Amino acid sequence: MSEKHEDLVSAIVDLREADVARLVDDLLASGTDPLDIIAAGKQAMDVVGKQFADGELFIPELIMAGEIMKAISAKVEPRLAGQRSAKRLGTVVLGTVQGDIHDIGKGIVATMLDIAAFDVIDLGVDVPAAQFIAAIRESQAPIVALSGLLTVAIDSMKATVAAIGDTGLRAGTKIMVGGAPLNEQVCQYTNADGWGKDAVAAVELAKSWVGGA
Amino acid sequence: MFTDNWNDLTPDQRYEARMQAWFASEANIEFASAQARDAWRERMQMLRDAIELKKPKRVPVVPTGGLFAARYAGLTAREAYYDRAKVERAWLQLNADFDWDTGVSASASFPGELYDILDLKLVSWPGHGTDDDVEFQYNEREWMKADEYDLLINDPSDYWQRFYLPRIFGALEPWALLPRFTNMVEPAVQGNMFFPFSTPPVQQMLQTLLEAGRAAAQWRVACATTDGKVLATGKPFFNGGFSKAPYDIIGDTLRGTRGIMLDKFRQPEKLLEAMERLVPLAIDQGRSGVDISRLPIVYLPLHKGADGFLSDADFRQFYWPTLKAVLLGLINEGIVPWLFAEGSYNTRLAAIHDPDIPAGHMVWQFDATDMKEAKRHLGGYQCIAGNVPGSLLFAGTPEEVEQYVKQLVADAAGEGGFLLTPGIVVNEAKPECIKSMIDAGKKYGAAI
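Sequences listed follow chains A and B, in order.
Heads up, the first sequence is in the numbering used here, so the first residue is 1 and it goes up one at a time.
Heads up, the second sequence is in the numbering used here, so the first residue is 1 and it goes up one at a time.
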């Protein structure tokens, strides 16, 4: 692994936005394989995710790291010319449930899942059950993630889980729920398969469900 | 000025003057009965004792606002925001059926008609982006752009009038055409300054503002009428004003959650300077409400300083200093700040036990914070309040609620300085769980 690669990893971990941009430009100019740059980003985000899980980093750092990763993707992706980066772990259908329009937590989960090599179908906010069902049918996604912040979202999650169950799709997909009102008791109430307290927990849960933990 | 000699009074004398005015409001209440009057007096004293860290006769059991009243009466959110007659019936029924120690104010119902007229874009509500039965929710956007800090810092009032308000109220868009009012310094220039008032968009805006004023007055009179009836049954009100932490003023609705978090990395000095600029305005906002209502408490919901939203070092650098300045400013005016720390504050307890703030002058209401730890850090320093979880009131059983309250009183009520409240603004809950919370609070709270 090159010194520049190491520099890039630590610049991302330290959230030095300007340094990251410069290093990526330098690496691309010197002919580095764009996939190596993406690998460096993933390596850095593993560190960021671990520090978050350990309580050393917090939501602003996750958001900033996500911004930095998006900027890297914007520079690197035009050079990928259709190559798929590394192995993908599976598809996650994600959305904030009907009645709730909060998107920040969901957005962080989407970013972290993407960086962790999941393909994310983000349905947005205030998503009706029928829209989740259509997306699961079309994508055959093994994982569905329901987000919500309000208490009203709890009943909406329960209704969405039930509607997915009614279609028979639960045999091939697992459902996770997340957001401020969630705990074990509330998760059981919704009949979901699992819950996570934050984006890192969501990624861990998703990995365990596809056997990639 | 609250009294003629206000500037000569010490903060403690100001506090006493506000407390006396609150208690003297008894003369203006037409109580339904002598029992109602006696209950009012007893509850007022319990609240004051708890705030002053004394042992009250019993732990006061205090509600939070929210749409629970509407849910309980079978109203949709839309009805709660628009149908004043239904709101009155719902809120009176709630206050009659649940024996809280203070009233639940009808002002928790949002003035829907007013926001229709103003074309409010800051939130979505029934008929405007959410279903009829879902409460209003904020639209997170960068209402203030990342490169506008200097405009805000140079003249916050002008920034509000000509940039922020025209963005969040469609009806106020033409305000952006008006001049900065501080430009009107000489008769020689004022003629030109008034010219924009002649333009059709501005004239239309002024007409709309007249309508908005009428709608606001109707809403306010309706709320005051309902609250007056609740007051007559012997349930006091205490919230007289509203304010916010400067970090939340910027993070909630100017820059948004994401915006402020990125600013903390990209332009920390500007963020800090802007927050300092907002301190006197936040103090004034709280004080002006309390002066008019003559209720001694200013409510400050705290959002983006909770556990997980900032590191401890960033909390101490970015969140706490300007909030503390607001608190000291309010206390200097004899006001009791009531902080509602939404989320959890477990990692903040050491930082908020700040020796610069005098003891017995605030209420810290907690949500998901460990109340035993809160008592350990803040006991004997400030009154704490909390924290029956929303999830328990929603998905639990009355027995589980009773057990929670029993443990909570044992952990947090000893030696006084404690109020029993829900941990959240209650929108959805089982009525039997709310009843259990009140009954348990009175049962176990009598024995402290």
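If you're looking for bench data, these hints aren't it; they were derived computationally from the structure.
A couple of the hints might just be wrong.
Computed list of lysine-lysine pairs in BS3-like fashion (alpha-carbon distance at most 27 Å, straight line) [said to hold, decoys possible]:
hint: 1; chain 1: A; residue 1: Lys197; chain 2: B; residue 2: Lys372
hint: 2; chain 1: B; residue 1: Lys270; chain 2: B; residue 2: Lys55
hint: 3; chain 1: A; residue 1: Lys207; chain 2: A; residue 2: Lys87
hint: 4; chain 1: B; residue 1: Lys375; chain 2: A; residue 2: Lys197
hint: 5; chain 1: A; residue 1: Lys158; chain 2: B; residue 2: Lys375
hint: 6; chain 1: A; residue 1: Lys75; chain 2: B; residue 2: Lys145
Just the calculated beta-carbon pair ranges, DEER-fashion [to be verified]:
hint: 7; chain 1: B; residue 1: Glu269; chain 2: A; residue 2: Ala74; range: 20 to 30 Å
hint: 8; chain 1: B; residue 1: Ala410; chain 2: A; residue 2: Arg22; range: 30 to 40 Å
hint: 9; chain 1: A; residue 1: Ala171; chain 2: B; residue 2: Val221; range: 56 to 66 Å
Covered, in the sense of this in silico footprint (three residues per stretch, anywhere, with C-beta under 8 Å from a C-beta of chain A), are these stretches of chain B [what the hints assert, rightly or not]:
hint: 10; stretch: 136-145
hint: 11; stretch: 394-403
hint: 12; stretch: 419-428
All values reported here derive from a predicted model rather than from experimental measurement.
Backbone N, C-alpha and C define an ideal beta-carbon position, used for all residues, glycine too.
Find the hints from earlier in the document that the structure breaks and name them by number, from lowest to highest.
2, 5 and 8
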